[in-house]
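First to last, the sequence lines map onto chains H and X.
Position 64, counted from 1, in the first sequence is what the working numbering calls 64; the numbers after and before it change by one each time, with no gaps.
Position 294, counted from 1, in the second sequence is what the working numbering calls 294; the numbers after and before it change by one each time, with no gaps.
Honestly, the hints are just simulated from the structure, not real lab data.
The beta carbon of each residue, even a glycine, is placed where N, CA and C say it ideally should be.
In the DSSO-like style, the derived pairs of lysine-lysine whose C-alpha atoms are separated by at most 30 angstroms in a straight line are:
| hint | chain 1 | residue 1 | chain 2 | residue 2 |
| --- | --- | --- | --- | --- |
| 1 | H | Lys458 | H | Lys418 |
| 2 | H | Lys457 | H | Lys446 |
| 3 | X | Lys157 | H | Lys20 |
| 4 | H | Lys53 | H | Lys446 |
| 5 | H | Lys418 | X | Lys157 |
| 6 | H | Lys20 | X | Lys227 |
| 7 | H | Lys446 | H | Lys479 |
| 8 | H | Lys446 | H | Lys494 |
| 9 | H | Lys397 | H | Lys213 |
According to the in silico footprint, chain H covers these stretches of chain X (three or more CB under 8 angstroms from chain H):
| hint | stretch |
| --- | --- |
| 10 | 272–280 |
| 11 | 299–310 |
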Amino acid sequence: MEAFAALIDALVYTPGRNEKLRLIGEYLRATPDPDRGWALAALSDGLDFPAVKSSTIRNLMKDRIDPVLWTLSRDFVGDTAETASLLWPVTASDGTAVPSVTQVVEILSSTNRNTAPAELARLLDRLDPSGRYALLKLATGAMRIGISSRLAKVAFAQAFDVPVELVEEYWHGLEPPYPDLFAWAADNADPPDTENMPLFRPFMLAHPLEEAKLDLADYAAEWKWDGIRVQLVHAGGETRVYSRSGDDISPTFPELVDAFRVPGILDGELLVRGAVQGGEKGGAASFNALQQRLGRKTVSKKMLAESPAFVRLYDVLQWQGEDLREAAWNQRRERLETLLPELPDSHFDLSQLVEARDFDHLAEIREGTRDDAIEGLMLKRRDSPYIAGRRVGYWYKWKRDPLLIDCVLMYAQRGSGKRSSFYSDYSFGCWDGDPDAGAELLPVGKAYSGFTDEELKKIDRHVRRNTVNRFGPVRETDKSLVFEVAFDSVHLSKRHKSGLAMRFPRIHRIRWDKPAHEADRIDALRALIRD
Amino acid sequence: MSAAFSWIKPEPHGIYVAPADCWIDPSRAVDTALVTHGHADHARGGHGKTVATPETLAIMKLRYATADGATPVSYGETIRLPGGVDATYIPAGHVLGSAQILLEHAGERVVITGDYKRRHDPTCPPFEAVPCDIFITEATFGLPLFTHPPIEDEMAKMLERLAAQPDRCVLVGAYALGKAQRVIAELRRAGHTRPIYLHGAMEKMCRLYEEYGVDLGELRLVSDHAKDDMRGSIVVCPPSALNDRWSRRLPEPITAMASGWMRVRQRARQRNVELPLIISDHADWGELTATIEEVDPHETWITHGREEALLRWCQLHQRRARALALVGYDDEDD
Ligand SMILES: [Zn+2]
Ligand SMILES: [Zn+2]
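Extracted from the complex, chain H is given alone in its bound form (with noise of 0.2 angstroms):
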């Protein structure tokens, strides 16, 4: 555990990427079977011990200090584990050896709900202060010290030079602590045998279009539509929905397990059908509706019933045992278009492709489109492979611009993580009417991005010094600051007071200057609903 709480420490205060990638590589070399496995396991996925949660942690500690001096120390820190970490009484040493990670593996999956506060608090006692806050990371699986699933695998690669796309891929068919993977890549054994796994395979991503004009006897539009992509698979029988992340999201969406049973990769997006907007077959619901689906780790029949899924289709990578992968965009279109009748129309259609004269025209038509679910367009050059990952020349995504509006801002909660000791998270509201004439600002949306760091410590300041009101981690300021909101789409909502509710609203500008009572009223924000 030593080690491995040394690299956590060293990570957390390395600031580069590549510092990063050395210091995970080097441990993973350094390190034996299998303590490396689950450390690259907590790195990457996070382990899953269910009977350990944050609130073991909490109860834990409430016996050992005050409760009221434990939220003062839980809130300056903005981290219940490092909280706990440094809080935790020092007990003499009983002379027992510092366990290994495997070994807390071993026991913590070993608990159950009741035996794990003593378990912990037996491992805690164990350890200093830096082993206490990995164990306490590793054992509530999230570690949240600024690595991605994507950096521990790109470390992995690096590590023992092997390629980065094929750990992606065996990644899924394997578990934690990844013998074969590791046999593979450390020790030249052969690679793990993935060919009957219902395997994610790492999405084709696209790079926003800036500023460039684009023949389009090179590039093919398609409509961008505003679900979620999925990946779905069939393979040894089994079906698999994958989410953008590579999640197993197949429990939340059994109708579409059902409707795939053709050995195959297909790549689309996820809708919901509704009937508020057009669309080709049939409409798409509002990604609110979609929303009420997501994250659900079973469905009820009703919910099947009155929200049912399908997935509109983009591209084929694998078709009854052959790999599309290298193949151009306009022959795995074509294969897409010819296999579209093997599956139930009632669960998928096509993305269709928009026609346009020249690049003038195609513009002209993203302009023009008032469908709820389009997000903008896709421009995809026609003789492009289908890559994992974003990779110049290949893929465009051409987004409809954001529209903006001028809210003030009125409460401020406290961030977490890195943002902790900072007001980072905003909520904002526009009046109700004339505000010189006693209007009130009604919450219309919250954001907690689109501004620098140095904008962040600005505006916390500007919150410390004009709070009126403290609510916990949360402070009401004297709402005289204005931000230019960005969002991509606002829709009528139950949830808010002013009855609207904004779709990626993020911090466009921060308007020093400007009066607040200057700032924009509800029937504004209202007129810009597209349906």
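Here the structure of chain H is known, so what remains is to put chain X with the ligands in place on it, guided by the hints.
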């Protein structure tokens, strides 16, 4: 006689001593100010008369270029203020010249600590606990998670890192008054004899410390030297210069920061610190609470910092306490 202690009044801009018509560490200009130490949030310019230790007055002169009405008081010395108030300056162990102020009036004793610490510091005399009725304490690190490790450990951490990467330099961000000189003096105590390089903003204060007899060894200015001269050296700068363009003239600096806040990982990350050094010129939680027990006052008033937690501790230990709502005090980069 009026009600007990009615002569001492916490106001938003400082503590007011009514019979003497003077203020302790006021955050705006007043006729007569009693100043505990030279940090900017305690010592402001523009007062008619400033009563402080000679060292603090020298620091204020350096910072504000004026010394109107400077009235020096040495450690242990008592001066008589108008209205029958006696003021005695007692070492606080915080920075050069830092003092607690003991006020006595009508048989009642009040101690204002200003900022203080309980650890050894080669640059100033140690804190002395003085019995009193009202103890007015700071609470900068007033949360139980703050435990400052022995400074020797932090010095060793820095010197090990320097030895491991001798082609680079360690750039230490340290508050220009007090922390910087203490870190340098501790490096010398740890046997580090090489020249130490300074950011220009540090020079005057270091020279002033030397005038008061603090030996800092050989100091050089970064601006006088080429990049390669500084490989394998320690460079000290104000915290604000850590992530500044200025640091580009240094040979691949390893960014360090000497501050009690470095106990919390996210605080170090906010400043992009690679080598956090937990070094503070304030009392940690254990020392704050132990000092209250040692002084054992009838009442504890808390001026600035994490006052809620210290107040809670006083409650839990059946001690009378109140938090003063003073304005204008910052968390120094300590
Ligand atoms: Zn101070
Ligand atoms: Zn202070």
